[in-house]
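Residues per chain, in single letters:
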Amino acid sequence: MWNLFKSTLMQIFAVGMIGLAVGALLSAGIGAPKPRPVEGPRKFFKRITAALRQHAGGLGIAVAVLATFMFWTQAWGFWAARSTERSGYKNLTVEAAAYHDARLGNANMPFLNFVRANLADGQSYALAPAESRDDVFVRQWSSYVMIPHLLADEQEADLLVIFNADPESVDYDRERFAELVEFEPGYAIARRAQ
Amino acid sequence: MRVDFAQFAVTMLYLLPGLLLLAAVRVIEFRAIQIVAAIGLAYLVGVAMVTISSILLLVLGVPMSAPVYLVVAFVLSAACGGAILRLRRAEQLPLVQKPSLSKPSFSKPSLTRLRAWLGERSSAWWVAALTVSVIALFAIAGYVTALKAPVSGWDGWSIWARKGQMLFYEDSLPKEFFTSENYRFMHPDYPLLIPVWESIFFRFAGAPDTQALHAQFWILLVAGLWAAGFLAHRAAPAIRGSKEWAAAIWAPLLGVLIVTPGIHRQTLQIYADIPMAVFAMGSAFCIALWLQSRRSSYLVIAALLLGATANVKNEGLTTAVAVIGAMLLVRLFVVDGSRWQSFKPAAICAAAVAALAVLPWRIWLTLNDVHGLVSITDGLSPDYIWEQKERVQPSVGSVVNQLVQPGVWNFIPTLAVAIVLVCLIVGVGRRIATFYGLAGVLTLAAIIWGYVVAPTELGSHLASSSDRLVDGFAFIGAAAVLHLTILLARSGAEDSTVDRAASGATKPPPAHD
Numbered sequence: 001m002w003n004l005f006k007s008t009l010m011q012i013f014a015v016g017m018i019g020l021a022v023g024a025l026l027s028a029g030i031g032a033p034k035p036r037p038v039e040g041p042r043k044f045f046k047r048i049t050a051a052l053r054q055h056a057g058g059l060g061i062a063v064a065v066l067a068t069f070m071f072w073t074q075a076w077g078f079w080a081a082r083s084t085e086r087s088g089y090k091n092l093t094v095e096a097a098a099y100h101d102a103r104l105g106n107a108n109m110p111f112l113n114f115v116r117a118n119l120a121d122g123q124s125y126a127l128a129p130a131e132s133r134d135d136v137f138v139r140q141w142s143s144y145v146m147i148p149h150l151l152a153d154e155q156e157a158d159l160l161v162i163f164n165a166d167p168e169s170v171d172y173d174r175e176r177f178a179e180l181v182e183f184e185p186g187y188a189i190a191r192r193a194q
Numbered sequence: 195m196r197v198d199f200a201q202f203a204v205t206m207l208y209l210l211p212g213l214l215l216l217a218a219v220r221v222i223e224f225r226a227i228q229i230v231a232a233i234g235l236a237y238l239v240g241v242a243m244v245t246i247s248s249i250l251l252l253v254l255g256v257p258m259s260a261p262v263y264l265v266v267a268f269v270l271s272a273a274c275g276g277a278i279l280r281l282r283r284a285e286q287l288p289l290v291q292k293p294s295l296s297k298p299s300f301s302k303p304s305l306t307r308l309r310a311w312l313g314e315r316s317s318a319w320w321v322a323a324l325t326v327s328v329i330a331l332f333a334i335a336g337y338v339t340a341l342k343a344p345v346s347g348w349d350g351w352s353i354w355a356r357k358g359q360m361l362f363y364e365d366s367l368p369k370e371f372f373t374s375e376n377y378r379f380m381h382p383d384y385p386l387l388i389p390v391w392e393s394i395f396f397r398f399a400g401a402p403d404t405q406a407l408h409a410q411f412w413i414l415l416v417a418g419l420w421a422a423g424f425l426a427h428r429a430a431p432a433i434r435g436s437k438e439w440a441a442a443i444w445a446p447l448l449g450v451l452i453v454t455p456g457i458h459r460q461t462l463q464i465y466a467d468i469p470m471a472v473f474a475m476g477s478a479f480c481i482a483l484w485l486q487s488r489r490s491s492y493l494v495i496a497a498l499l500l501g502a503t504a505n506v507k508n509e510g511l512t513t514a515v516a517v518i519g520a521m522l523l524v525r526l527f528v529v530d531g532s533r534w535q536s537f538k539p540a541a542i543c544a545a546a547v548a549a550l551a552v553l554p555w556r557i558w559l560t561l562n563d564v565h566g567l568v569s570i571t572d573g574l575s576p577d578y579i580w581e582q583k584e585r586v587q588p589s590v591g592s593v594v595n596q597l598v599q600p601g602v603w604n605f606i607p608t609l610a611v612a613i614v615l616v617c618l619i620v621g622v623g624r625r626i627a628t629f630y631g632l633a634g635v636l637t638l639a640a641i642i643w644g645y646v647v648a649p650t651e652l653g654s655h656l657a658s659s660s661d662r663l664v665d666g667f668a669f670i671g672a673a674a675v676l677h678l679t680i681l682l683a684r685s686g687a688e689d690s691t692v693d694r695a696a697s698g699a700t701k702p703p704p705a706h707d
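Sequence lines, in order, name chains A and B. Residues 1 to 194 in my numbering are what the first sequence spells out, letter by letter. Residues 195 to 707 in my numbering are what the second sequence spells out, letter by letter.
Ranges between beta-carbon positions, derived for each pair:
no., chain 1, residue 1, chain 2, residue 2, range
1, A, Glu95, B, Pro588, 35 to 43 Å
2, B, Lys437, A, Val136, 48 to 56 Å
3, A, Glu182, B, Gly591, 46 to 54 Å
4, B, Asp577, A, Ala96, 46 to 54 Å
5, A, Lys43, B, Leu550, 50 to 58 Å
6, B, Leu550, A, Ser87, 42 to 50 Å
7, A, Asn164, B, Lys583, 37 to 45 Å
If you are wondering where the hints come from, they were derived from the structure by calculation, not from laboratory data. Ideal Cβ positions, reconstructed from N, Cα and C, are used throughout, including at glycine.
Work the whole structure out from these sequences, hints included.
This is the structure we're talking about:
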C-alpha cells in the first residue's frame, strides 16, 4: 500500500513535469517568446511557461524534496534487506559461494572436482557424449570449473570426460583413450594411452 | 587476511595514479578536504588508467603479474607526479599548500566549542550531514554484504569471472581460449577491462576468490556515486552563498541512487553493465561540466572515462560513441547565446583519446580473426537494417518498459526526461540539458540498434538482457538529474547567472572551489 502510494506520487510528479514541459514547448518553443497577443489554450500554456521560468529554482528544490522523501522512505527497507542477506550468507564458504550456480543444472561438482584433480598442468579435456557436450549448462559450467584447462575437441584432448552416460554406450576412440576410470555410475574419465 | 589486504592494496593501486592525475590536470589541489572529496573520481580514473594500460601491455605480449601491475601503477603515478612538479615549478608554487600563519593550525577541541559549532549549523547542513552519514553507513553495509555474496548471475561467471580467472592463471592473453570454437559462448570479442580488473584483484588475493570479488564491484559503484557527488558540488559549489544548501540538494539524490533496487541487485550479479554505466555517468558528467565551465581538465577526465566505458563491453562502446556524438553535436551546432560556436579541436581530441583506448584490443581481435555475433558491415547496412525492421517495435517496447518500472529504477529515467525538458524551456543550463538529452536519445538508439541487428531470437534476447542494457541510459539520466537539479535550484537563488556562466558569458569559475 505504501509502495503504491509512493509510486503513484512519483508518477504524478514526473508525468506532470513532462506534461507541463511539453505543453510549454508546444506553446512557446524553446527560444525567447515573441511578444504577440495570445488567447485560449495558448494563453494558458504561455502562463505555464512563464511560471516555470519564474519558479525554476523552486522546481530544483521540489526535486530535492522528492528525492529526500524517496530516500528516507526506502532507507529502512534497504538496511533490512542487507541485514537479511548478510544473515543468509553468514556460513557461506568461499567454495560454496563460487559454485552457488551449480544448482542451475546437473553440475555434479564432486565429479568435476575429481576430473580437475586428474588433469595435469597444461592438459586439455573433451566432453562426451554429444548430449552432454551440447547441453548449454554442462558445457559452460564444466568449462568454468576446469579453468585453466582447455575444453578441446576429442581428437586433441588429453582426457575424455564421460558425463551422465554409461561409458559402454558412448561412442569414442577407445584406442586413444584406453584407460577408463569410473567415478560413479554414469560418470567416468578416459585417459589417453601413453 | 590476504583477501582483506588485496581489497585495500588494489584500491590504493587505482587511487594513487587517479589522485595524481586529478592534481596534474588541476581538478584538485593537495589539500586534505579536496583529496577526500575526490576519492571516488580518482578511483574511477585510476581504474581506467591502470586497466587500459594493462590491456595494451597484454596485447603487446608482456607477461602480467602482480609486480608488473604495481609497476604500471607506479609509472603512471610517476608520470602524473612529474607533470605536477613541472607545473608547480613553472608557476613557482610549493607542492603542498601550507596553512596560513595568521590562523592557528590546531585548536584544542572541547565539548563547549563543539556544541557551539553545531549550534551554528544551518538546517540545510543537518539535512546534508544526516543524509551523507546514512549513505556512508549504507555503503559500508553493502560492502560487508558483498564480501560474503555468492556468485549468482549466469554471465557473471560464464563470461566475466571466467575470463578474469583465465587472466589470473595465464600471464599472457590465452589465445587458445579466445580463438577456440568451443568457447564462442563466452563472447571472446567482448572488451577486456572487467576481466583485467578482476584478475588484478585475484592476483593480489593470491586466488580467484569470486566471493570477495563482489566487494570490488561494490567499491566501484560507491566510487561512482562519490564521484557524482563531487562533480555535482563542482557544478554549483554554493547556493545562496551556502555550501550546505548545495549539499542538501545533491545528497538526497545520491541517496536515491544507492537504495535503487535495480542498481544494488545488478551490482551483486557481478555483470559488466553497472561498471559500464558508472564510467558512462562519470564521463557524461565531466563533459557537461566542461560545457558549463570551459575547463579542459574535465574533458581530459571525460576522455579517460569514455575510454573505460568503451573497454568494458560492446554496449559500452556504443554508449561511448553516443556520448561523444552528443558532445560534438552540442559543441559544433548548438547556438550559444546569440552566436554559433566556433570550432574547437578539444572535443575532437577527447574523442580521439577514447578511440585510441579501444584500439589495441580491436587490433588483437582482427589479427587473431576473432569476430563477434554482429558484423559491423551488416550492422550499418541500410538493407540489412530494413530487413530486420520488425524487430524495432518489440525492442523499443521492452526497453522503455524496463526504464519505467518503479521497482527497478526509482523513476530516475522518467525524472531525467522531465528535468531535461524543463531546463530547455526555462533556459537554465540549456546547453547542458541539450547535451544530456542528446546523449540519452543516442544511447537509447544504440541499444535499440543492437537488438535490431543482432542475429538472435529476439524474445529470449530481450528477456535475458533488456533489464541490464538500459543501465547506461539510466546512469546518464542520473547524472542529468543531479547536475540539472542543482543548476535549477541555483538559478532560483542567483537569478540567471547560471545560464550566463554555462553559456560562457562570464569567466570560468576558479580552478578550485
